Amino acid sequence: AQKVTQAQTEISVVEKEDVTLDCVYETRDTTYYLFWYKQPPSGELVFLIRRNSFDEQNEISGRYSWNFQKSTSSFNFTITASQVVDSAVYFCALSRGGGGNKLTFGTGTQLKVEL
Amino acid sequence: GAVVSQHPSWVICKSGTSVKIECRSLDFQATTMFWYRQFPKQSLMLMATSNEGSKATYEQGVEKDKFLINHASLTLSTLTVTSAHPEDSSFYICSARKYGQDSYEQYFGPGTRLTVT
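From first to last, the protein sequence lines are chains A and B.
Counting the first sequence from 1 gives a position; the numbering used here is that position plus 156.
Counting the second sequence from 1 gives a position; the numbering used here is that position plus 15.
Treat the hints with care, since some could be wrong.
Said to hold, decoys possible - With beta-carbon atoms standing in for the labels, derived distance ranges:
(1) B:Ala17 to A:Val240: 25 to 33 Å
(2) B:His22 to A:Val241: 37 to 45 Å
(3) B:Ser98 to A:Ala237: 24 to 32 Å
(4) A:Gln213 to B:Ser98: 44 to 52 Å
Stated by the list, open to error - Within a straight-line C-alpha distance of at most 16 Å, the following computed EDC-like cross-link-like pairs (lysine to aspartate or glutamate) qualify:
(5) B:Lys56 to A:Glu215
(6) A:Lys159 to A:Asp178
(7) A:Lys258 to B:Glu120
(8) A:Lys226 to A:Asp242
(9) B:Lys29 to B:Glu102
(10) A:Lys172 to A:Glu270
(11) A:Lys194 to B:Glu74
(12) B:Lys56 to A:Glu270
(13) B:Lys35 to B:Glu74
(14) A:Lys159 to A:Glu182
(15) A:Lys258 to B:Glu74
(16) A:Lys268 to A:Glu182
The hints are simulated quantities; they were obtained by calculation from the structure and are not laboratory data.
Everything numeric in this text was worked out from a predicted model, so none of it was measured.
Idealized CB from N, CA, C, for every residue including glycine.
This is chain A alone, in the form it adopts within the complex (with noise of 0.2 Å):
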């Protein structure tokens, strides 16, 4: 069974300060899918990344970056000189090799960028 945990919540940060959003998934699967989301109050999801499991080069996008990580089943993610449109709630995903099999998503972590 696959498996996403995201055990924050909620975060509040002020504007121009860096977070990380913490993301641990369980897999038996080798080749694996993990992805980022962010769902803003519109309720519509906006992809941000894949990445696949053979692949732990860290990314950067601009202010985004992520840090994958398999020794520790996690896939973290980064938002340096937050900002209010960063405001939303954010979920790390699975699916099994092929990508476009099924999610599992994680519980999501609302992040409030604060002025």
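Starting from the structure of chain A, add chain B where the hints point.
Here is chain B on its own, set in the frame of chain A:
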């Protein structure tokens, strides 16, 4: 490209009535569509996987007779909530996987908020 729409975006219905929600891939063909349900402040839970031209595969605990899914074409899947009750009030989200491409992404619709009174 890869836009998925849902209709309606929100709906209010009376207890005991049925509601149909449409999920359309606007600029691509989708062999597989997924239906998720999200309760307030909770995660997305997969309800069923829908493949074009075949019966949907439901997740454990999801009543197939209550949540009827039809995937009649490569661009349309529908979810019908039959005999809706207040506990069915939720945010329903669909996603679609592209046909003919080993896509690693699911393209999500904007969701449909259902309120049963």
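Okay, the hints, checked on the actual structure:
1. Ala17 of chain B and Val240 of chain A have their C-beta atoms about 28 Å apart, which keeps the hinted 25 to 33 Å range intact.
2. A beta carbon spacing of about 28 Å between His22 of chain B and Val241 of chain A contradicts the range 37 to 45 Å that was offered as a hint.
3. Taking the beta carbon of each, Ser98 of chain B and Ala237 of chain A are about 51 Å apart, not inside 24 to 32 Å as hinted.
4. Between Gln213 of chain A and Ser98 of chain B the C-beta distance comes to about 51 Å, which sits within the given range of 44 to 52 Å.
5. For a cut-off of 16 Å, the pair hint linking Lys56 of chain B to Glu215 of chain A is broken: about 29 Å separates their Cα positions.
6. For the hint pairing Lys159 of chain A with Asp178 of chain A, the CA-to-CA distance comes to about 14 Å; that is within 16 Å, so the pair holds.
7. Between Lys258 of chain A and Glu120 of chain B the alpha-carbon distance is near 10 Å, which keeps this suggested pair within the 16 Å criterion.
8. Taken as a hint, the Lys226 of chain A and Asp242 of chain A pair is broken in the structure, with Cα atoms around 27 Å apart against an allowance of 16 Å.
9. For the given pair, Lys29 of chain B sits about 12 Å from Glu102 of chain B by alpha-carbon distance, which is consistent with the 16 Å threshold.
10. A threshold of 16 Å between alpha carbons decides the hint, and for Lys172 of chain A with Glu270 of chain A the separation of about 9 Å falls inside it, so the pair holds.
11. Of the supplied pair hints, the one linking Lys194 of chain A and Glu74 of chain B is violated, its CA atoms being roughly 24 Å apart against a limit of 16 Å.
12. For the hint linking Lys56 of chain B to Glu270 of chain A, the alpha-carbon distance of about 20 Å lies beyond 16 Å, and the restraint is violated.
13. For the hint pairing Lys35 of chain B with Glu74 of chain B, the CA-to-CA distance comes to about 20 Å; that exceeds 16 Å, so the pair is violated.
14. Between the alpha carbons of Lys159 of chain A and Glu182 of chain A the distance comes to roughly 5 Å, so the proposed pair stays at or under 16 Å and holds.
15. Distance restraint check for Lys258 of chain A and Glu74 of chain B: the Cα-Cα separation of roughly 10 Å lies within the 16 Å cut-off, and the hinted pair is therefore satisfied.
16. For a cut-off of 16 Å, the pair hint linking Lys268 of chain A to Glu182 of chain A is broken: about 27 Å separates their Cα positions.
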